[in-house]
Structures are given as C-alpha cells and as structure tokens.
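Residue numbers (our numbering), protein chains in the order written: chain A, 1 to 336; chain B, 1 to 336; chain C, 1 to 336.
Calculated directly from the structure, the hints in this document are not laboratory data.
Mixed in with the good hints, there may be bad ones.
Which copy is meant is left open, so a pair is good if it fits within one copy or across any two.
Listed next, the in silico EDC-like pairs over lysine to aspartate or glutamate satisfying Cα-Cα at most 20 Å (straight line) [what the hints assert, rightly or not]: (1) Lys4 / Glu19; (2) Lys269 / Glu207; (3) Lys218 / Asp107; (4) Lys262 / Asp286.
From a predicted model like this one, the values you see are computed outputs, not experimental measurements.
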Amino acid sequence: MNAKRFLDLADFTREEIVELLALAQRLQDRPEPRALAGKILGLVFFNPSLRTLASFQAGMARLGGTSFVITPGHGTWQLEHRLGVPMNATAAEHVREGIPVLASFCDALGIRAFADGKDLAYDLAETNFNAMASLVDKPLINMESAMNHPCQSLADWKTLDDLAVAPRSKFVLSWVTHPRALPLAVPASTLHMAAMRGHEVVVLRPEGYAMPPQLLAKARAAAAASGGSVRETDDRAEALAGAQVLYAKEWGSTTYYGSAEKDADLRAKLPDWQVREDWFARARPDCRFMHCLPVRRNVAVADEILDGPRSVVLKEAHNRLVAQMAVLHRLLSATP
Amino acid sequence: MNAKRFLDLADFTREEIVELLALAQRLQDRPEPRALAGKILGLVFFNPSLRTLASFQAGMARLGGTSFVITPGHGTWQLEHRLGVPMNATAAEHVREGIPVLASFCDALGIRAFADGKDLAYDLAETNFNAMASLVDKPLINMESAMNHPCQSLADWKTLDDLAVAPRSKFVLSWVTHPRALPLAVPASTLHMAAMRGHEVVVLRPEGYAMPPQLLAKARAAAAASGGSVRETDDRAEALAGAQVLYAKEWGSTTYYGSAEKDADLRAKLPDWQVREDWFARARPDCRFMHCLPVRRNVAVADEILDGPRSVVLKEAHNRLVAQMAVLHRLLSATP
Amino acid sequence: MNAKRFLDLADFTREEIVELLALAQRLQDRPEPRALAGKILGLVFFNPSLRTLASFQAGMARLGGTSFVITPGHGTWQLEHRLGVPMNATAAEHVREGIPVLASFCDALGIRAFADGKDLAYDLAETNFNAMASLVDKPLINMESAMNHPCQSLADWKTLDDLAVAPRSKFVLSWVTHPRALPLAVPASTLHMAAMRGHEVVVLRPEGYAMPPQLLAKARAAAAASGGSVRETDDRAEALAGAQVLYAKEWGSTTYYGSAEKDADLRAKLPDWQVREDWFARARPDCRFMHCLPVRRNVAVADEILDGPRSVVLKEAHNRLVAQMAVLHRLLSATP
Numbered sequence: 001m002n003a004k005r006f007l008d009l010a011d012f013t014r015e016e017i018v019e020l021l022a023l024a025q026r027l028q029d030r031p032e033p034r035a036l037a038g039k040i041l042g043l044v045f046f047n048p049s050l051r052t053l054a055s056f057q058a059g060m061a062r063l064g065g066t067s068f069v070i071t072p073g074h075g076t077w078q079l080e081h082r083l084g085v086p087m088n089a090t091a092a093e094h095v096r097e098g099i100p101v102l103a104s105f106c107d108a109l110g111i112r113a114f115a116d117g118k119d120l121a122y123d124l125a126e127t128n129f130n131a132m133a134s135l136v137d138k139p140l141i142n143m144e145s146a147m148n149h150p151c152q153s154l155a156d157w158k159t160l161d162d163l164a165v166a167p168r169s170k171f172v173l174s175w176v177t178h179p180r181a182l183p184l185a186v187p188a189s190t191l192h193m194a195a196m197r198g199h200e201v202v203v204l205r206p207e208g209y210a211m212p213p214q215l216l217a218k219a220r221a222a223a224a225a226s227g228g229s230v231r232e233t234d235d236r237a238e239a240l241a242g243a244q245v246l247y248a249k250e251w252g253s254t255t256y257y258g259s260a261e262k263d264a265d266l267r268a269k270l271p272d273w274q275v276r277e278d279w280f281a282r283a284r285p286d287c288r289f290m291h292c293l294p295v296r297r298n299v300a301v302a303d304e305i306l307d308g309p310r311s312v313v314l315k316e317a318h319n320r321l322v323a324q325m326a327v328l329h330r331l332l333s334a335t336p
Numbered sequence: 001m002n003a004k005r006f007l008d009l010a011d012f013t014r015e016e017i018v019e020l021l022a023l024a025q026r027l028q029d030r031p032e033p034r035a036l037a038g039k040i041l042g043l044v045f046f047n048p049s050l051r052t053l054a055s056f057q058a059g060m061a062r063l064g065g066t067s068f069v070i071t072p073g074h075g076t077w078q079l080e081h082r083l084g085v086p087m088n089a090t091a092a093e094h095v096r097e098g099i100p101v102l103a104s105f106c107d108a109l110g111i112r113a114f115a116d117g118k119d120l121a122y123d124l125a126e127t128n129f130n131a132m133a134s135l136v137d138k139p140l141i142n143m144e145s146a147m148n149h150p151c152q153s154l155a156d157w158k159t160l161d162d163l164a165v166a167p168r169s170k171f172v173l174s175w176v177t178h179p180r181a182l183p184l185a186v187p188a189s190t191l192h193m194a195a196m197r198g199h200e201v202v203v204l205r206p207e208g209y210a211m212p213p214q215l216l217a218k219a220r221a222a223a224a225a226s227g228g229s230v231r232e233t234d235d236r237a238e239a240l241a242g243a244q245v246l247y248a249k250e251w252g253s254t255t256y257y258g259s260a261e262k263d264a265d266l267r268a269k270l271p272d273w274q275v276r277e278d279w280f281a282r283a284r285p286d287c288r289f290m291h292c293l294p295v296r297r298n299v300a301v302a303d304e305i306l307d308g309p310r311s312v313v314l315k316e317a318h319n320r321l322v323a324q325m326a327v328l329h330r331l332l333s334a335t336p
Numbered sequence: 001m002n003a004k005r006f007l008d009l010a011d012f013t014r015e016e017i018v019e020l021l022a023l024a025q026r027l028q029d030r031p032e033p034r035a036l037a038g039k040i041l042g043l044v045f046f047n048p049s050l051r052t053l054a055s056f057q058a059g060m061a062r063l064g065g066t067s068f069v070i071t072p073g074h075g076t077w078q079l080e081h082r083l084g085v086p087m088n089a090t091a092a093e094h095v096r097e098g099i100p101v102l103a104s105f106c107d108a109l110g111i112r113a114f115a116d117g118k119d120l121a122y123d124l125a126e127t128n129f130n131a132m133a134s135l136v137d138k139p140l141i142n143m144e145s146a147m148n149h150p151c152q153s154l155a156d157w158k159t160l161d162d163l164a165v166a167p168r169s170k171f172v173l174s175w176v177t178h179p180r181a182l183p184l185a186v187p188a189s190t191l192h193m194a195a196m197r198g199h200e201v202v203v204l205r206p207e208g209y210a211m212p213p214q215l216l217a218k219a220r221a222a223a224a225a226s227g228g229s230v231r232e233t234d235d236r237a238e239a240l241a242g243a244q245v246l247y248a249k250e251w252g253s254t255t256y257y258g259s260a261e262k263d264a265d266l267r268a269k270l271p272d273w274q275v276r277e278d279w280f281a282r283a284r285p286d287c288r289f290m291h292c293l294p295v296r297r298n299v300a301v302a303d304e305i306l307d308g309p310r311s312v313v314l315k316e317a318h319n320r321l322v323a324q325m326a327v328l329h330r331l332l333s334a335t336p
C-alpha cells in the first residue's frame, strides 16, 4: 500500500485491500486507543456530509488522535480552484494557498470535492481533486471526489465480507431515480469495488444513464484479475434473476452530462426506477439491499425495503467508521 | 437513575436528582480528567445553540472524552422526520437512517430538536423526539425537545442549591414578551423542576399563554410528592408578593398555538411584560432573577435587571457545564 | 508578558517578543504533547476564518489540549454588541451574556471580531473588541479585531527571523487592490510589527488610503525604541528601491472610511496596484514577497509572484501554528 495516499481502490492490489480489512477487523477486536496519539487530521469539505464528517472525527478519536473540520463557504472563505483567473467574484482564496496551508497544520488531510458536473471528460480526469492533491505533501485521503469514493467502497467490501457474500455471486448495481442529477462517484467506485472483489457485476440502468466506457474498462481490468465480470443492461428482470446483492444508486445522465434540463426530461419518464419488493421476484431469496446513503425514501427506494430484512444500509454506514480507522492507522501509525 | 437516558427530570426520583447534583459537585471539587477517556459523544443540533453546543464539548473534554457536532442543514444534509412521505423536497436523508448511523459512531448521543410549533398535541406527545429516540440504542441525552430541556433544569436546580434557596420558598415562573412565539420546552421543564424541588410555584402569564393542562397536572403530581404546590395567575402584584425567585421566560400563545398572526396580535397589547426593577416591589428583598438565556435585552428583560444584583443568569449558564458533566459521567463512566 | 492576554504586540517589549519566539522555536524542536493536557480553548468567530480556525485547533491539539468553536449566526444565535438597545431585530443574544458564558466554559478564549467599518474613530478605539474583552476573566487572545491581528504579526516576525531578514533592512508595506474595502487590522498590525522589529518601514499607498495618524504615531514610537523608522509615500519606484521585503495588503479608503461607493470610485482608477514581477525592478534581488492570506490571485497579486521564488506566504501561514502554540503555552501552561 502506498504509505501516503488513499485515493482509489484501484491503486491497491486485491491482497492489499484484504490486508487493510484485516487491520480494520483487528482494530475492532483489539482497540488501540493511543495508536494515533498526538496526530492531527484535517478534514476539508467542499460539499455536505454526514457519515464522512462524523465517522472520520470519531475514528481519529477512537485511535487517540484529533481532527479539525474546514467547510469552505461556511465560516470559511469560499475557495477558487480554476487556474489563472482574476479572482474578482465571491471566492476570497485559491486552493493553491488554502490547501497547502491546511496541510501544513496537520499530519494527514482528507478532502471532499464533488464533480463540477459540467464536462464529463473534465470530471473523469479528476481535474479538481488532482490539482489539490498535487499541492499536498502529507498523507491524503479522498473523502469523495468527482469519480471516486474509496472510503465508501472499502466499507462496502467489508460489509460483503461480514455477510459472507461469495466473490463469484451476482452483484447488481442499479440506477434509481432522484429529484436531481447526482454525481458518478459512488457508482463508479462501487462498480470497481465489486469487480475487484470478483463478482459477476451487472450495471442495470435505463437508456441515457450508461456508465462511461472508461469506467467500464477500468472495472473490467479489475474483474479480469479477480475472476469476476462486468456488463451493462437495461433489462431489470434479467439483471436481477439470481442476484445476491442489489446495490442501488442515483446518478445523472451520462448521455446528457451537465444538462439538468435534459436529465430532468429523461427521468420524468422513469418514476418506476424506485426499488420495491417486487424487484426481487427472481433474485435469490436472501438477496441483500445496499445503498451508501443518504437515500430519498419513497423516491429512490420504498420504505418496505429500507425497513425490511434485506437492507444492510446501517451496517454499511457503521463500516465506514471501521474501515476508515484502518486507513488512518495505515497512513499515520508508526507501527503496523 | 436509568443508566441509558437523560430525557426528562420526571423520569427520576427527587433523591436521584440530589445524587446526580452531588456527583456534579464532586466533579467540581475533585476533577476526573480521565474518567471518560476514549469515549465519544455525538451532538446533533436541529436548532441553533450556544451554551449547549459549547458546554457539552467542554464537559466531555474536561472528563477526557471527545465529541463531534452535526448540524443538519449546515454542512450536513437536511433530515426528514415525517414517516411515509416521498422525499422529493429539500431533505436528502431521513432521521430513520441518519440518527442510527450517528449513534453507531459514538458512545452516547445528544439530540436537540425544537417543537414543530403547529399542533400542540403533537408537540406535547414529543412525537419528533420520541421517533428519533426509538432509533437510538446508545445512551441518549435530550438537549432540548418540544416540551423539555432537562439539562437546563438540572443546572437551574443546582443554581438554586448553590444560592441556598429554600425548597418551600415562592418560585414565580413569569411569561415575558419576545418578537416571536417561542417553544414551551423551558417553561414546561422549569415548572416541573420547581415543583419537584418543593417550591410554591406560581405561573404568572397573561390570558392566552396558560400552561397546557397536561403540563400542570404533571407538575402537580411532582409537587404532591415533594411538598410543593403549583398554580397559575395573571395577577403580577399578587404573584410576586413574597417571591424568592423570579424565573422569566418567553413562550408562544397556547390558546392560539401555531398561529403566528394571532400570537402577534395578542402580544402587541402586552409590551408591559418586560421585567423591570419595579416588578420586585413586593418581592422578598433578596429575590433572585433567573433566565435560561439567550435573552432579548430591553424586550423581555431590562438592562437594569440583567446588569443588577438580582441576576444569576451567568451562574445558571455556568452550571450547565457542571450539571452536564455529571450526566455524562453517569451515562458513560465505568465507575460511579 | 502579561500572563493573561495576547491582544496587541505593542503591549509587549521587544525582548518579550523575542522570548516568545524562542519558546515557539523550542516547541518546534522539542514538542510538548502534554503541556496543555486538560486545558480547553474556546474560539469565537464573528467573521470567517481559515488559517486561524484551523491553526488554533491544531495548536491546542499538538499541546495536548482541546478546543471548541462558536460561530455566531452559523448554528449559533447572532450576538448583539450595542449597549442599551431594545433587541427586537435578528440578534437573539447579547455579547454581555454570550461572551462571559463562553469564557466560563473554557480556560482561555480567542475572539475574532472585524471592524464595523463605518466610523474610523469608533474602530480605532477598538470599541467592540474592548467591550467584549472587559467581560472576560480568562486568558484572552485577539484573533483579529478592528485594528489588530497580533497572531499574524507574531508569525510574520518569526518568518522574518527564519529568513534572516536583517532588522535595519527596508520593509515596504504596500496597498494592493481588491473588489471591496477591507479592514485595517493587518496593515495596522504589520506596520507596528515591522517598526518594532527595527526596519526602515515604508507604507506605499495611493491617495485616499493613508494610514490613520494614530497608527503612524504608535508605530513611530516603536521604531524610535528599536532603531527603525516609519514613513509613507505614493511613489512606488522610490519605495521599492532597495527593498528587502514587500508586504502586500488590501485595505479600504481611510479618507472615505465607511463609504463603499466612494471607495469603489477611487479604486476603479487603481487597477495597476496589483503586484507583478516588474514592481521589483529596483528592489534587492532577493527581495521577499509577503502576504497574510487570503489573497485574490490576479487582482491583488499576479500568479507569477505567488507561484514564484519571492513568495513566502505559505511559510507565513505555517508560522501561524508555530507562533500561536507559544502564545497558548505562555497563557495556559503551568510551567514556563
């Protein structure tokens, strides 16, 4: 494992992830309340958060360290990220100053910066996040970027382990609807995680919401190494037949990326993309329901699912704390 | 004392409260800076806070523990609390996910959720708070709900102890004016505390602002056990005659609960309900002035009172820290 | 050093500042991770912050203490500071309650409260900050007031030490442009620091932006004691000839203090007041560029400067942490 950065599961081998999750389990079984004594984690949130905000603070505290939170635009200046522009609008500071300054105050930095959502190639290249990452000379954690959410995926991998979900089983990543076009970070990251874990991965989505080819190619390379597979379909019945896991996620149209209007037109015809119990008719009886949260009840997912026995969403969320403690320990502890 | 929850003084016997305040005093006299080492307190604020926000963080730190703060809508998604609704408005997450997730990250949770202020029966039933409380399997603290603010009342009880205010003395809880209709949590909680402490409690308020019968009945039951009494009046001179304590508080019309307009019409005729020195003409010479803060100077209370010798509002506020440390110790410490 | 307050470099002798910076260096060289164990710092921000917010939290943590943050108006009530007014507008609490209450929860308090920006004499008298300071009976830190930012200046002094900038060398404090009229706190504080350190201080600014005579007189008194000097000019070429340091800062018109409109008219004619490499034509070849941050790139300062070899802005920012740790240690540690 790269001793300095946790940015993308794809930066690690399958074995390294397995080791990291073993560390997570060890820290659960035998707490190390002084492992990170004296260490300071800086947390920068360009976008809202609940789980990430709470679990990173709690995780540092459980390991004896401390953290501080910066939310640009809330009690802190807005930060500009474009290069070369005259800063005569609302942003009072540039990330080229703000980020290295914050890094200089702490021992590790976490950054959350969602996709711009205007240009797909720009976001796929992780332009904004990488520009900031290049300014940080401390251990760095991706707390969700344009196309990645490795902390969520690490936690989800652990959840699948905890539930003894077999690597070869069928894992359906399904688009669900939402009032707005949401970023691709979680579906992209989930796709890669499931492929890397060796699943038969099926991306189920309506026309207009196909995964970008680059992400599919990346996931297929991981699947090739792990013995898994990756395919896309819009046939819900076929996709869910024999499924062991249904992972639901909202995301914006990739065909009309950046056009809120065309996206809205498209999804106006897709209210049926809300997970209900009848989706599971041909799935395995013990098929699990996963979602990274937050979730819009009775829009993306019906109450009957979230309150029913298939749902493991609270377990996934709790594993955010468990998995991230291993990441923090690996990045910051003097002893392995 | 229920080892797991601090939600309402009425859940405890008088003796249990006395013991809890003895613990508060002990922690003042002999600090225990490692008592809660490794423990994490989650603090969820659906409404603004100053004393509660600062004192719970400071209290955990003084006992060696740590805390994190979540303020839905400020850097965190808004949380929906209604059941069964399609979540297609602004709230991105439901309390049914958000609250148990946060509880799973910490060792104890504090929640502040003010009254909806629309339907009195709904608020009297603590519908919103109880719905959240039912989702928490960790020690839980009520940091002010629709009809209760037990941390304030515990601190106020200690303030009365510190000042050696005799249990049988006359305690006047008086309505004072405010630009808006405020919730009933503090007056309800204060009424119960004073009755439970054994005072001759007089609720002084104009027509339209009577205490709900349920709250009076609950307080009278406490008074019966403690040797105190509870009555209401709109006669200021009579109420304050012989008073040992004047506790001022703003609250909305109970006759027109939920109607900002009718409440405003009513209070437009009541500008005289601002505490001034002349209110104390027939009170005991050493009559104390109490208020939970925040207070609108020269609206609810004149400067001459807040800056004068009767006021103990800063002592009350400091006792928030003192009293809450005892609550945290009781809920989280392995040793009594 | 006054054991209780860090409000203005002018409250200290040159020798006391040198000692304080020696302590800062000692804490860098030989960390004291338990020096402030059990101590609590309250941080009150009436205005936005990035460096101050992060560095004070990090500094307390590095010394083993903890901190809490209050940002009036963000999750906390707005606080009124005027005396004697009926509080029937938006502020729900007065600083006369809020500040002493917060002070009673912690071991030291930091307050940031920018200038009102309406009346120069009012701001020069530090009316708002002093009103709050008079309510605090704990160690107090000025985290930027109307006319002072001693933490920034202490860090800048250390930066000049680190770079071995000779006391007698020429130090140019230059006005630069900005979309809005900014406060005088940093230029006032920098002027005093440079004079106190013994520099040949030249304030370079266009007509309409002269330093208030009171601030010049105060700085000249410091210069007289240190062997330095202080003068003002609007002649850029002359000012920068032989300069060893160019410290750029934005501030509002002092001639038209409080008039955003007249200030805007004035600065519309001054777009040339943006630091570029050609400003340094006659400066010393190793002339340094300083700025307290945040800075508007390509408005106040060109990219070529901030990304070039002259800039020491990140070093200045990091020294905020280093310098403030010495302040915290001095105010809160039992041992020197």
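Verification of the supplied hints:
Within a single copy, Lys4 and Glu19 get their C-alpha atoms as close as 16 Å, which meets the 20 Å cut-off; across copies the closest is 37 Å, which misses it. Taking the shortest alpha-carbon separations for Lys269 and Glu207, only the intra-copy value of 11 Å comes in at or below 20 Å, while the best inter-copy value is 55 Å. For the homomeric pair Lys218 and Asp107, neither the shortest alpha-carbon distance inside one copy (32 Å) nor that between copies (40 Å) is at most 20 Å. Within a single copy, Lys262 and Asp286 get their C-alpha atoms no closer than 37 Å, and across copies no closer than 56 Å, so neither meets the 20 Å cut-off.
Checked against the numbered hints given earlier, the structure breaks hints 3, 4 and satisfies all the rest.
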